[in-house]
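Chemist: Listed below are the residues making up each chain.
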Amino acid sequence: MKKARNDQFFSNLEKFVDKVYPNQPQRQPYLSLKSWPSPRDEAWKFSRLGKLARKNILPLSWGNQQDFNINKLIKDSISLVFVNGKFEKKLSDKLFSEIVIEEVQIEDFKEIINKFDNLSVKNHPTLNSTLSCSQKFFKIKFKNDIKFYKPIEIFNLGGSENTSIHPFIYIDLEKNADVQVFQHYSTHAGLLTPFEIINLSENSNLEIIKIYDDKISSYNLSLTLSVIKEEANLRSFALIKGGEFTRSEMHTLLEGENSKADINGIYLSSGNQHHDLTSCIYHNVPNCKSSQIVKGVLGEESTAVFQGKVRVEKLAQKTEAKQMSRAIMLSDKAVSNSKPELEIYADDVICGHGATVGELDEDQIFYLSSRGISKQKAKVILVDAFLNEMISLSISDKFHDIIYNETKSKINKLLANEYE
Amino acid sequence: MPILEIKNAELSINNKKILKGLSLNVNEGETHAIMGPNGSGKSTLSYMLAGRDGYELDNGSITFDNTDLTPLSPDERSNLGLFLAFQYPVELPGVSSTNFLREIFNSRKKYLGENELSHLDFIKHLRKVAENLSIKDEMLKRYVNFGFSGGEKKRFEILQMALLNPKISVLDETDSGLDVDALKIVSEGVNNLKDKNNAVVVITHYQRLLDYIKPDIVHIMSDGKIIKSGDADLALYVEKNGYSEILNEKS
Numbered sequence: 001m002k003k004a005r006n007d008q009f010f011s012n013l014e015k016f017v018d019k020v021y022p023n024q025p026q027r028q029p030y031l032s033l034k035s036w037p038s039p040r041d042e043a044w045k046f047s048r049l050g051k052l053a054r055k056n057i058l059p060l061s062w063g064n065q066q067d068f069n070i071n072k073l074i075k076d077s078i079s080l081v082f083v084n085g086k087f088e089k090k091l092s093d094k095l096f097s098e099i100v101i102e103e104v105q106i107e108d109f110k111e112i113i114n115k116f117d118n119l120s121v122k123n124h125p126t127l128n129s130t131l132s133c134s135q136k137f138f139k140i141k142f143k144n145d146i147k148f149y150k151p152i153e154i155f156n157l158g159g160s161e162n163t164s165i166h167p168f169i170y171i172d173l174e175k176n177a178d179v180q181v182f183q184h185y186s187t188h189a190g191l192l193t194p195f196e197i198i199n200l201s202e203n204s205n206l207e208i209i210k211i212y213d214d215k216i217s218s219y220n221l222s223l224t225l226s227v228i229k230e231e232a233n234l235r236s237f238a239l240i241k242g243g244e245f246t247r248s249e250m251h252t253l254l255e256g257e258n259s260k261a262d263i264n265g266i267y268l269s270s271g272n273q274h275h276d277l278t279s280c281i282y283h284n285v286p287n288c289k290s291s292q293i294v295k296g297v298l299g300e301e302s303t304a305v306f307q308g309k310v311r312v313e314k315l316a317q318k319t320e321a322k323q324m325s326r327a328i329m330l331s332d333k334a335v336s337n338s339k340p341e342l343e344i345y346a347d348d349v350i351c352g353h354g355a356t357v358g359e360l361d362e363d364q365i366f367y368l369s370s371r372g373i374s375k376q377k378a379k380v381i382l383v384d385a386f387l388n389e390m391i392s393l394s395i396s397d398k399f400h401d402i403i404y405n406e407t408k409s410k411i412n413k414l415l416a417n418e419y420e
Numbered sequence: 421m422p423i424l425e426i427k428n429a430e431l432s433i434n435n436k437k438i439l440k441g442l443s444l445n446v447n448e449g450e451t452h453a454i455m456g457p458n459g460s461g462k463s464t465l466s467y468m469l470a471g472r473d474g475y476e477l478d479n480g481s482i483t484f485d486n487t488d489l490t491p492l493s494p495d496e497r498s499n500l501g502l503f504l505a506f507q508y509p510v511e512l513p514g515v516s517s518t519n520f521l522r523e524i525f526n527s528r529k530k531y532l533g534e535n536e537l538s539h540l541d542f543i544k545h546l547r548k549v550a551e552n553l554s555i556k557d558e559m560l561k562r563y564v565n566f567g568f569s570g571g572e573k574k575r576f577e578i579l580q581m582a583l584l585n586p587k588i589s590v591l592d593e594t595d596s597g598l599d600v601d602a603l604k605i606v607s608e609g610v611n612n613l614k615d616k617n618n619a620v621v622v623i624t625h626y627q628r629l630l631d632y633i634k635p636d637i638v639h640i641m642s643d644g645k646i647i648k649s650g651d652a653d654l655a656l657y658v659e660k661n662g663y664s665e666i667l668n669e670k671s
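Quick mapping for you: the protein sequence lines, in order, are chains A and B.
Counting from 1, one number per residue, gives the positions in the first sequence under my numbering.
Counting from 421, one number per residue, gives the positions in the second sequence under my numbering.
Worth flagging that the hints you see were computed from the coordinates, not collected in a lab.
Worth double-checking, as some hints may not be accurate.
Unchecked claim - Here are the simulated DSS-like cross-link-like pairs (lysine-lysine), alpha carbons at most 30 Å apart as the crow flies: (1) B:K548 with A:K377; (2) B:K616 with B:K561; (3) A:K375 with B:K561.
Claimed, not checked - Which chain B residues stay away from chain A? Per the calculated CB distances, all over 10 Å, these: (4) G449; (5) E450; (6) K462; (7) P494; (8) R497; (9) R528; (10) E551; (11) S554; (12) L560; (13) L584; (14) D651; (15) G662.
In this text, a Cβ means the ideal position worked out from N, Cα and C, and glycines have one as well.
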């Protein structure tokens, strides 16, 4: 009988691991996943992997060092370059003594993974493929009290069609550390499964800006697990514009009181792209705040989904959680899905959510045109404004223009294609 | 010379006739007031003039400055020199007020074949105009109409009018939601812009605004038509006796 799906990748993965790491039993448990999630799997209902499953993708071995142009967004940032998932010291800037990059073993972060005791994490293809076949696991440690005013820019580069790369990065902030990180995903990989762990110790602050801009044929299944301790603050912003299929999935555990997580994002989708922002926030203790605010602009035949979940445990009184998604459709062939979920077991909480999908506002277009602005220009202004407001809300002022410019070329392209 | 000529305008919305043969002539240098009870079609008239989608004429004609307005889009009408001050100005979150004003100012300049102003020169010009309307710099840093009070929104409309220097301005219920001080500022703003080459049409429910913006001609509108026109005393008559007497007179 003909198999309906082809999950060749997982047998390739097994062969690869058996060959390259014959004596590393700690990788074996992660080889038990044998197939891609199916559309019947609730977590992947709106993001189907059928096309990926039919591809014959092979894990990429680390080759010799290649040359890359590193295009920093911030002039005085410190770059850390990962090619095919491997840290390239020679391509990276020199580190300061307060930052340490070290190789770690699965045992060193397994405890963090185990805190996310649900099947959508445990059976996640990214977690399993990266832990079974990533050659090295890197941890970037920011020491106690470090206040770092130079942002770190992490570049994920490399890859080629029909091969997969599996970068692993563990970002660890010790007490009172205050750090800003840019994560670039600019690979040419057929499949990219970046797996990240973020650990924020007491009173630490991390602003992380992820820019997904892989090659137009790439599949990026990014997974981030974050644990946040007392008084710590995670400010995460994802800008998704590249790839054929990009999913940014974040699971965030607020486990210390008075901690805060903002997991926001923008997706800009054109052609046949599929973009997915999936976020689960777990409020396990009282007095924490979170937000999940996502905006998208879709053109042509693109599709996108926002899946936001907030789970508030019985203990977690005085939780404030906000969830909002808004999509602007520039084409009637584009499709946007939104799945907000609130699971609340505490009684003294403030949780709000809302979702809208629609065209640009006719009243706003009329107001602008009544002032002499053409309808098309009015649309450009309104899309710009829609994003501008979101960027201002989500990231530090000093990065505003940089991120705004990162949206600009894609927006111009989207609008030009719609109205030409 | 007539700057605006509306002849027998008929217009329906959702198959319901709202304007039923409205005619109006406005000459250069004149100020007209259109008064009428709620539901008489006053706001429909303003949207029809500005060219809003869905407010196309079934019958009749509109000529503005010797140009047939009916086929023109709202931006083309604005560029020709027609301005509508909205009854409910629209909030544009994310659009900075200063950038917006510069955009509309320069697009009008461009249309008129005049030089656009540099950013710095524009800011100087804007400060001067804004000051006359008691608009502070702080307000111009905010998003367009976003979180503005009722009075701020109306002043911001007049600020746009001042920057665009239109040939005809239609003020739709500009007095609604204004206290006396704000009413004075807005009216002065309008009066300062008035000269013998332009015209103003004030659409209002109450006579109050007409104490500050003196009309040359007052029209009473009812059921989609102008049923009576007269001088400024007509507004005072309505203030004293209400609309019912005039309406009864007609029927």
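Chemist: Indicate, hint by hint, whether the structure satisfies it.
Modeler: Comparing the hints with the structure gives:
This hinted pair checks out: K548 (chain B) and K377 (chain A) have alpha carbons roughly 28 Å apart, not beyond 30 Å. A hinted pair counts as satisfied when its Cα atoms are at most 30 Å apart, and K616 (chain B) with K561 (chain B) does not qualify at roughly 34 Å. This hinted pair checks out: K375 (chain A) and K561 (chain B) have alpha carbons roughly 25 Å apart, not beyond 30 Å. No Cβ of chain A approaches the Cβ of G449 (chain B) within 10 Å, the least distance being about 24 Å, so the stated non-interface status holds.
At roughly 22 Å, the least C-beta separation between E450 (chain B) and chain A is larger than 10 Å, which holds for a residue marked as non-interface. Distance check for K462 (chain B) against chain A: the nearest CB is about 17 Å away, which clears 10 Å, and the non-interface claim stands. Separation of P494 (chain B) from chain A is inadequate, the least Cβ-Cβ distance of about 4 Å not exceeding the 10 Å criterion. Interface exclusion of R497 (chain B) from chain A breaks down, the closest Cβ pair being 8 Å apart, not more than 10 Å.
Not every C-beta of chain A lies more than 10 Å from that of R528 (chain B), the closest at about 5 Å, which undercuts listing it as non-interface. For E551 (chain B), the shortest C-beta to C-beta distance to chain A comes to about 21 Å, beyond the 10 Å cut-off, and the non-interface label holds. The claim that S554 (chain B) lies off the interface holds: its Cβ sits roughly 22 Å from the closest Cβ of chain A, which is beyond the 10 Å cut-off. Consistency note on L560 (chain B): stated as away from chain A, and its beta-carbon is indeed over 10 Å from all of that chain's, at 16 Å minimum.
Distance check on L584 (chain B): its Cβ comes as close as 7 Å (rounded) to a Cβ of chain A, failing to clear the 10 Å threshold; non-interface status is violated. D651 (chain B), annotated as away from the interface, keeps every beta carbon of chain A farther than 10 Å; the closest lies near 31 Å. Every CB of chain A is more than 10 Å from the CB of G662 (chain B) (nearest about 33 Å), matching its label as outside the interface.
The structure is inconsistent with the numbered hints 2, 7, 8, 9 and 13, although it conforms to all the rest.
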